[in-house]
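Engineer: Below are the chains, spelled out letter by letter.
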Amino acid sequence: MPESTTHAISVEGLTKKFGDFTAVDAISFTVEKGEIFGFLGANGAGKTTAIRMLTGLSKPTSGTGTVAGYDVLRESEKIKKRIGYMSQKFSLYNDLTVKENIRFYGGIYGLSRAQIKEKTETILVDLELTKVANKVVAALPLGWKQRLAFSVSMVHDPDIVFLDEPTGGVDPRVRRQFWETIYQVSAKGRTIFVTTHYMDEAEYCGRVSIMVDGEIKALDTPQALKAQYQATSMDDVFLQLARHTSANG
Amino acid sequence: MSAISIDHISKSYGDSQALKSVSFKVGEGELFGLIGPDGAGKSTLFRILTTLLLPDEGEATVVGHDIIDDYRLIRKEVGYMPGKFSLYQDLSVEENLSFFATIFGTTIEENYDLIKDIYIQIEPFKKRLAGKLSGGMKQKLALCCALIHKPRVLFLDEPTTGVDAVSRKEFWEMLKSLVKKDISILVSTPYMDEASLCDRIALIQHGEVLSIDEPSAMIKGYQKQVYAVKSNNFYELIELLRAQDFTTSALPFGDCLHLTTEDELDVKAILRMISDKGYPNVEMTKIPPTIEDIFLGLSDTQTENANA
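These protein sequence lines are chains A and B, in that order. Position 193 of the first sequence, counting from 1, maps to 193 under the working numbering, and the rest follow consecutively. Position 303 of the second sequence, counting from 1, maps to 303 under the working numbering, and the rest follow consecutively.
Bear in mind the hints are in silico, worked out from the structure with no lab data behind them. There may be inaccurate statements among the hints.
[As the list claims (entries may be wrong)] Okay, derived cross-link-like pairs now, EDC-like style, lysine to aspartate or glutamate, Cα gap no bigger than 16 angstroms in a straight line: (1) A/Lys217 to A/Asp25; (2) B/Lys180 to B/Asp199; (3) B/Lys132 to B/Asp90; (4) B/Lys169 to A/Asp235; (5) A/Lys226 to B/Asp255; (6) B/Lys20 to B/Glu30; (7) B/Lys169 to B/Asp193; (8) B/Lys169 to A/Asp236; (9) A/Lys145 to B/Asp38; (10) A/Lys59 to A/Glu75; (11) B/Lys25 to B/Glu59; (12) B/Lys25 to B/Asp199.
Kindly produce the complete structure, drawing on both the sequences and the hints.
Structural biologist: Here it is in structure tokens:
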């Protein structure tokens, strides 16, 4: 990341239109380096479109911004090299072994053979997966898969990791273990950008933004948001902000 | 007569046992929740009860019909919304609905009353292809299609997974109004906070039922003590509490952590101890357990075994 930038993510007036429909309507925010930033919103609020712009997969209609120090309009390929991405839907290949998955992603991100070997060793030891290194991923318990997917998304030591509903449907214990892993990663200075539908997880974030109808309607620490909306939980805050729009589907 | 009666149902896929001797009954007009994470066996049970899969052992009936001998009768009387969106993506909203009505030998008009409250919300988009709907609308259409033949029992497999908190609340309100119309509902969810919205629940993990009861009775009957602890040094405090003899578990729960113990604690003494270790300004209050606390408490040993 170029020295001059202080923010991991900084966007101003970021907008995406599909024909007449404005999916993301001039959102502006910054994410600090090493922060755990929760990106919340109802289904259809524009979260996915926003994430696609931030990860260099979709070109903004208007607005400016940088991710990992690179311009979202002109340097999307550079951005992709400096970020990691993990979701429930897209992460590991079930029919490849643990080792093969690491090697595959290492290759995709242009790591050398020596680097891949070293990374494989580190991940296997850190996650205590050495014994199952040659087992296909499909055979692993969900909690292991999930932590492996998280590690693999960071195989190229990215500055920022995007976690798109990483904990959907998983065991409450595994969900908590996963958040402890997130904290460890963030403590090492890596920035975490996370979406979730679990409102208790919103409380684990440093700051949280809530998107409604393409706009960011609220952005602050969970404590400040609860105080502002006189709510006892983030669930309350979310309901107050998002309820009126949900009739649209 | 029970709407659903399950008697020692077991099912394995190769070496992995998906259901281990599961038994429970769902009463008529009951909203019964099957609460458990991915891999608990919920979908397998749904497929067995909807006669799409045969159990290895055990018996079950749905509205009095045997799941093996009378499978044809069951299929006419149940509505099933699978976990994965299974409508025709290249048919419109209207076409999907009329397709399912025709399959069951009925018409949209005949049972319109039943789906009206839900359908009017998606009616403005009735010409749109199902594949082009947002997640919330897909879910509403799938529910309409599962209801269009006026089933006596509704099977809903994780209808709210991946759905935002607001739409989830609205979906549960719809279910409440359906049970009032004499439809029995078996619904599964990985969201523990939805448990309190059911008449009765079964907590399920690794193919085994951990507990069955009314949510309020489950909370009342829980033997362990739960304390909500608030502090600025969340993760350090967790480590400190986990190291104490009195601690059964210390886990993050949103903006506080929940300390579970076997015995009642002297809160003042504990706070003094915590303060002496360098954490002043800690709040600690005894609270009733949540269903998630109970699930975590009951599933303690099982989780470790499964990963062994």
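Engineer: For every hint, state whether the structure bears it out.
Structural biologist: Tested hints:
Only pairs whose Cα atoms come within 16 angstroms are accepted, and lysine 217 of chain A paired with aspartate 25 of chain A is accepted, the gap being roughly 11 angstroms. The hinted pair formed by lysine 180 of chain B and aspartate 199 of chain B meets the criterion: a straight-line CA distance of about 12 angstroms does not exceed 16 angstroms. Distance hint between lysine 132 of chain B and aspartate 90 of chain B is fulfilled; the C-alpha atoms sit about 9 angstroms from each other, no more than 16 angstroms. For the hint linking lysine 169 of chain B to aspartate 235 of chain A, the alpha-carbon distance of about 11 angstroms falls within 16 angstroms, and the restraint holds.
Note on lysine 226 of chain A and aspartate 255 of chain B: the hinted pairing holds, with a Cα-Cα distance of about 11 angstroms set against a maximum of 16 angstroms. A hinted pair counts as satisfied when its Cα atoms are at most 16 angstroms apart, and lysine 20 of chain B with glutamate 30 of chain B does not qualify at roughly 24 angstroms. As the CA atoms of lysine 169 of chain B and aspartate 193 of chain B are separated by approximately 11 angstroms, the hinted pair is consistent with the 16 angstroms bound. About 12 angstroms separates the Cα atoms of lysine 169 of chain B and aspartate 236 of chain A, which keeps this hinted pair within 16 angstroms; it holds.
Restraint check for lysine 145 of chain A and aspartate 38 of chain B: the C-alpha separation of about 13 angstroms stays at or below 16 angstroms, so the hint holds. Taken as a hint, the lysine 59 of chain A and glutamate 75 of chain A pair is honoured in the structure, with Cα atoms around 11 angstroms apart against an allowance of 16 angstroms. Distance hint between lysine 25 of chain B and glutamate 59 of chain B is fulfilled; the C-alpha atoms sit about 12 angstroms from each other, no more than 16 angstroms. Taken as a hint, the lysine 25 of chain B and aspartate 199 of chain B pair is honoured in the structure, with Cα atoms around 13 angstroms apart against an allowance of 16 angstroms.
Violated hint: 6 only; the structure is consistent with all others.
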